Amino acid sequence: MKKLALAVAIIAAGAGAYWYSQQQGQGALTNPALDYIPADTPIFSGQLKPFPIKDYLIATAGNSAHLAQSPLLQEEMDEITEPSVHFGMYLYKAYVEGLKDPAAMLKRFGLGDQSRGFFYTLGALPVARMEVADTTAFWKLMDEAEQASGWQHTQGTIAGQSYRSYLLSDANDEEKVELVIADREGMVSVTLNTSFQDPTLLEHALGVTKVTNPLSGTKLLADIIKTHGFMDDSVSYINHQELVRAVVSGDNQLGKQLMNLFAKTGEDPFLELRTPECQTELNAIAANWPRTVAGLTTMKVDSKQASMDMKMVLETRNEVVIKALDKMRGYIAGYVQKPGDSVMAMGLGLDVGQLAPSLNKVWNDFMSPRLQCQPLAELQSEMEAANPAMLGMATAMADGVKGIGAAVLDYDLQIVNDEPSLKKLDALVSLSAEDPAFLFDMVKPFAPMLGQINLKSGDDVDLSDYIPAEFGVTAKLGLRGQHLVVYSGEGGKRMADSLKGETLAANGLFGMSADYGRLLSPLMTLMEASGEEIPEELEALKDYKMQVQMGMDINEQGPVFNTGFVTKP
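Read in order, the letters of the sequence shown correspond to residues -17 to -1, 1 to 552 in mature numbering (1 follows the signal peptide of the UniProt record, and there is no 0).
In case anyone wonders, no lab produced these hints; they're calculated from the structure.
Nothing here was measured: the structure is a model prediction, and the numbers come from that model.
Quick reminder that beta carbons are idealized off the backbone N, C-alpha and C, glycines included.
Watch out, some of these pointers could steer you wrong.
In silico lysine-lysine, PhoX-like type, Cα no more than 20 Å apart, as pairs [as the list claims (entries may be wrong)]: (1) K306 with K344; (2) K344 with K283; (3) K459 with K407; (4) K283 with K528; (5) K476 with K439; (6) K83 with K37; (7) K528 with K287; (8) K344 with K407; (9) K83 with K407.
Label pairs and their in silico Cβ distance ranges [to be verified]: (10) G375 with K321: 31 to 41 Å; (11) E157 with K344: 51 to 61 Å; (12) T183 with G133: 51 to 61 Å; (13) E539 with G133: 29 to 39 Å; (14) A154 with K321: 22 to 32 Å; (15) Q363 with A420: 41 to 51 Å; (16) E516 with M373: 24 to 34 Å.
Throw the hints in and build the complete structure from the sequences for me.
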């Protein structure tokens, strides 16, 4: 099982490395590779257009240099005794060491400056396929990995297609599991082969024979791209309906494979879910939450910079949930969404007054009608104790709150009496509400120390008397329009002042941004000042040039998770 897990991990890691493209055109959705992917695949991730790998590696070279400098990698390899693991580690080492010279590394792997790739499943069988410019170079690298690890292949042929197979199961096991690698028409395929699977699966996986109901014969990818505003460069999805269908009825490719496997083992763990009631109710739930989809919304890659914005959507047709989450949306301050303006920022957008009624609507929707499928009925019974009605009493005092945010704009550290301390801190915490002064006055009875503070005067209040001196921080409290602010430093004051003109428009549920270079640099400087030796792999992080941003929101398709980054060499 460990060997099988390793093979799946290798394939999944390869899928995670598929690159996003910046080219435009309609050819992406008519790629011949889609002829070999079944329309009912539960999982799909496709790089539909060639991505400029070389430029991307150059643009991110400064941020990945620490990988190539790691002295631990060779030590770890020397300790590995399992040939299959050593094989994978050899390829990983070739990759990380090659990051110092992307052009040479791509040549060694047989990859071109641009490439397309796909990851999907034929039922349960994972398949990864990627364009390779020089198959001779690719196989030479495989030979090197074999020689270094001792994990030797066996040559095989199916339907006239040759392939290499690497045994993953023990030689004495009754059932055989192999890692299979082959090249055909400029694409390398990596998959698994077992002694108990249909032989035609391997033909499909290696791109020898087309599937009967291909993804290319549907409008699925085009519909996802259009519905969610994705670029047509890359699309990924998990099909919840096909997964549920496999479990409750077993009439798709994945389901048939599972049924055959259960017949061999004599045990069916999903038997209780195949009652008529469970089939009806689980299929209805899956129809309400059909897919999780992901794709690019913007992207620019050249040798000087790489930037991408991605979006993942949990699709739902449940109008109750969509409307409830939409009502809960609050205000996320502008400074949270600008990674270049701060070291790190975070914001929670939440209309507290809508929290209890919205959650109550979601709860009521889940609790009715009463489900007949036994496992679902038991879950409903357990959820009865989680009635959110009482939440309204707990949030009543915070009614009118629309969001909270915090940011560190700049900071520096120093050593004082052999202890680290803050040398500088520019920071801001803000509470956004319809009447923040009223909320502050409501809190005073519970915190007598705040009783003398009068925010209505319009003057900022020095909080030095309330902050222990050893923290080395001075802060002030004040109002900026509909925002209660606590700030430190001139940078914190400027950012607090910028809030005065911001209205409390609902714009999301959660947001975060960070500048890794500015976040890590003071920590590295402190280690140097303390005389502590900085490991090489950490030293490289000092100049890490990447800004990231992520957030959560809701739209008419369902919950949305956004993420993006900008990186330079």
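Okay, the hints, checked on the actual structure:
| no. | hint | verdict |
| --- | --- | --- |
| 1 | K306 with K344 | holds, 9 Å |
| 2 | K344 with K283 | violated, 42 Å |
| 3 | K459 with K407 | holds, 15 Å |
| 4 | K283 with K528 | holds, 16 Å |
| 5 | K476 with K439 | holds, 18 Å |
| 6 | K83 with K37 | holds, 12 Å |
| 7 | K528 with K287 | holds, 12 Å |
| 8 | K344 with K407 | violated, 47 Å |
| 9 | K83 with K407 | violated, 36 Å |
| 10 | G375 with K321: 31 to 41 Å | holds, 35 Å |
| 11 | E157 with K344: 51 to 61 Å | holds, 54 Å |
| 12 | T183 with G133: 51 to 61 Å | violated, 33 Å |
| 13 | E539 with G133: 29 to 39 Å | violated, 56 Å |
| 14 | A154 with K321: 22 to 32 Å | violated, 59 Å |
| 15 | Q363 with A420: 41 to 51 Å | holds, 44 Å |
| 16 | E516 with M373: 24 to 34 Å | violated, 55 Å |
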